[in-house]
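There are 2 protein chains.
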Amino acid sequence: MQKPSIPKGTRDFGPAQVARRQHIFNVIRRTFESFGFAPLETPTLENLSVLTGKYGDEGDQLLFKVLNSGDFAKDVTGADLEIGSKALLPKVAEKGLRYDLTVPFARYVAMNRGTLTFPFKRYQMQPVWRADRPQRGRYREFYQCDADVVGTDSLLCEAEIVLMMAQVLNGLGLDDFTIKINHRGVLRNIYQALGGEGRESDLFVAIDKLDKIGRDGVTKELLERGFANATVETLFELLTVAGSYEEKLERLVAGFVTAGVEPDGPRPDGADEEAAASYRGLAELATVRDLLVASGFKQFDRLEFDPTLARGLSYYTGCIFEVKINNVLMGSVSGGGRYDNLTGSFGLPGVSGVGFSFGVDRLYDCLEALDLFTATAETPTRCLITHFDAASGRAALPLLAQLRAAGIPSELYPDVSKLQKQFKYADAKGIPLVIVLGPEELAAGLAKIKIMASGTERVLPLAEVVTALTAE
Amino acid sequence: MQKPSIPKGTRDFGPAQVARRQHIFNVIRRTFESFGFAPLETPTLENLSVLTGKYGDEGDQLLFKVLNSGDFAKDVTGADLEIGSKALLPKVAEKGLRYDLTVPFARYVAMNRGTLTFPFKRYQMQPVWRADRPQRGRYREFYQCDADVVGTDSLLCEAEIVLMMAQVLNGLGLDDFTIKINHRGVLRNIYQALGGEGRESDLFVAIDKLDKIGRDGVTKELLERGFANATVETLFELLTVAGSYEEKLERLVAGFVTAGVEPDGPRPDGADEEAAASYRGLAELATVRDLLVASGFKQFDRLEFDPTLARGLSYYTGCIFEVKINNVLMGSVSGGGRYDNLTGSFGLPGVSGVGFSFGVDRLYDCLEALDLFTATAETPTRCLITHFDAASGRAALPLLAQLRAAGIPSELYPDVSKLQKQFKYADAKGIPLVIVLGPEELAAGLAKIKIMASGTERVLPLAEVVTALTAE
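These protein sequence lines are chains G and Z, in that order. If you want this note's numbering, it's the position in the first sequence, counting the first as 1, plus 13. If you want this note's numbering, it's the position in the second sequence, counting the first as 1, plus 13.
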């Protein structure tokens, strides 16, 4: 006899959890669809040739690989074994589990380029797998919900990402959030202000730690890496520019001019009307804000232009986003950005796109931490019919069928049991209504209905039960 | 540059396919929930100790196994390599992909026995993976939708399975179906009639082929396996008994009596009123029929008592079910049965239950073969706003926000493009309504709405557009 268990980092979701998770999925799906995104689903299994090399070395390590079926070891030699896992891997596994939704999406677009209509807007809500060390808020199997548009560089897409982020969080009741926005162009300009060249990644890695090690820590790291002291001073003046979204834009323009940063020119979409037009990143951030104003967006107190936002992924080229729920100890619940060449590695270069992702498991944990879930029953059943014996049980079947036909999920307690046990069942499952059909009730053509929450009972003619409960 | 592909036996589902599949899931989910089944989700990854040995030798072969993460080959020795895959497997893989929904369910019930309220009714709609040879209607990644009740032996559960099968198929418009029902007790009794002992499996394997090799083939096989000629004659008299559900029950009782089959006694739930009471299988099949009559079931022409139905799985002990869609070349789309000891191998013996499963991919293929899908758009978008330049595009944003707020999924074409291109986009995606917002319309405070299907156009004041489209 074995003691069953599940792999670490994975979870079972019982009825109440599934119902709560469905609520999150529904809010996200409705928002995505309201903005015209269409659903896509890709296989759990992808060829390792598609996955490998897309997530960096660390990502390749964290991919779950699937053993070839049949005699998987037939091509392995003693020499392979001496080299070890690295030599064995390509001989024993050619498939892996989906690691994110972005690479499969890029693969899908490249494979179906001939039949898709661009701009192509898709959303995808599926699990992904990473062989990460499990910890709070980090699982080995977890869900992502992505929405991407490819085939347009319109900044309306960026503005709509902010609208969708806010709509989902408001819809979930997570009102106290901060959407951080930045632009890779701004970071590039700051890098220019530093006079650096070829050491972009050193700088971004250091900036990314600002939250954790503070200004002193980042300064120390940059000095150690050979940046000049005055340069680092300039960096922090630019990075920590204060004020509203618009004030920061203005002050960064001034800062760039002072620091002698070369303009990288206006974009041909009206952004040249802006004061910041000569710096593409700032110009686009200004345009995104204008489009939000025109769209009636009201929550600018929750939208922060944060020049220190870097985001790890290398493929971003334009606006980048990250969302945190305030007052909950939890990483970001959403993030994304614009990329110019996501499908390039699949033979379809130059397709610009922008996308973002919600982490459903983190949203769930935030809702739980903030006690924002409403009470969720362990069953969809609204009504339990109790009975006294086989005869009264059988006599209840027409009523049961009528309740279901009226759209009221219902059960007849399946066994002949004490009434107390049947009520205990309803109570444990959170079934709100119980109908008692005893021999007396049946003889009189009546049914007793008990509302479990209040304990209220009412007796009704059998023929009126469905109508009464439909109105309940 | 790589040419991307997906593993054989797997599929991408584009927007229209996802929408059609969601329709199937919704019909099944609504039915399950209407009968009081609550959702459960289990991890994709299960420990191989949970999966192995549950599906027979062939099943073990078809399990997808996942390589341990990190240095997976570290414990593999040269000696292992000489023996081959069998010796390597336990050293390199300890997890596998879900093969069905029944074993994870049994594992879940055993793990959570202390907190679950019995009878426990759960449904589960998740993908499963099998390293089978892909062919028509058989994929390596496919969805199952299961509903099971454990902790009761009430035959109401069996009757409700028939009701749910019929409700789902009717709900999908697959009206021409046959639900076959049999009982392992009937097969046991027939076996007794043959005087056989210890060769049950020989018999069931042969019977299972009746569809394919016919009466002559089965006879030949049984004679070869040493069954007496007269015995096989009796077998076929019993197996091929003609008539309605009730007539077959009556004729089998008579046949059993003639053949001297020992009664296996009535069950204590009212079945003893039946003529067939002394044979448990026949008695239960009679009770299931009575419960269906009492529940108002009307489709008895689609319910066939088929004594030749055997079902492969060894764990069934009571009623068994199988559903075929008539006039479509396709295996069964649903099946199930009662088991008495599903959780036994996980340390929880004696929990009786009954369950069944829909194969979503086969239902999809049947609906497609019978042309029963309604036209499905490539997008949820109902309304596309077209425009002439950046200014008219921006002026459209308040209307766009209003349409979405009114629950009408809408898009503004994101780029400044020729009107023709924007209409082509709407047409390719199946967007039913297009709003034209040109400089003239905007100056006059008007919007032109085109209904794509009919080509009809109407011009409305901008302020009336949302109300008009809500009524559309």
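Take these hints with a grain of salt, some might be off.
Which copy is meant is left open, because identical chains are indistinguishable; a pair holds if it fits in one copy or across any two.
To be verified - Restricting the straight-line Cα-Cα distance to at most 25 Å, the calculated cross-link-like pairs of lysine-lysine (PhoX-like) are:
(1) K87 / K99
(2) K104 / K87
(3) K311 / K434
(4) K437 / K461
(5) K99 / K16
(6) K437 / K193
(7) K87 / K21
(8) K16 / K104
(9) K67 / K16
(10) K99 / K225
(11) K311 / K193
Simulated from the structure, these hints should not be mistaken for lab results. These numbers come from a predicted model, not from an experiment.
Consistency of the hints with the structure:
1. In this homomeric assembly, K87 and K99 come within 25 Å of each other (Cα to Cα) both inside a single copy, at 17 Å, and across copies, at 11 Å.
2. Taking CA atoms no more than 25 Å apart as the test, K104 paired with K87 passes in both settings, with 9 Å inside one copy and 16 Å between copies.
3. Neither within a single protomer nor between protomers do K311 and K434 lie at most 25 Å apart by alpha-carbon distance, with minima of 54 Å and 33 Å respectively.
4. Within a single copy, K437 and K461 get their C-alpha atoms as close as 17 Å, which meets the 25 Å cut-off; across copies the closest is 61 Å, which misses it.
5. Taking CA atoms no more than 25 Å apart as the test, K99 paired with K16 passes between copies only; the shortest distance there is 24 Å, against 34 Å inside one copy.
6. In the homo-oligomer, the alpha carbons of K437 and K193 never lie at most 25 Å apart, since the shortest distance is 50 Å inside one protomer and 36 Å across protomers.
7. Proximity of K87 and K21 under a CA criterion of 25 Å is satisfied inter-copy only: 21 Å between copies versus 30 Å inside one chain copy.
8. Taking CA atoms no more than 25 Å apart as the test, K16 paired with K104 passes between copies only; the shortest distance there is 20 Å, against 34 Å inside one copy.
9. In this assembly of identical chains, K67 and K16 lie within 25 Å of each other by CA distance solely across copies; the values are 15 Å between and 39 Å within a copy.
10. Neither within a single protomer nor between protomers do K99 and K225 lie at most 25 Å apart by alpha-carbon distance, with minima of 35 Å and 48 Å respectively.
11. In this assembly of identical chains, the alpha carbons of K311 and K193 lie at most 25 Å apart only when taken from the same copy (16 Å versus 60 Å across copies).
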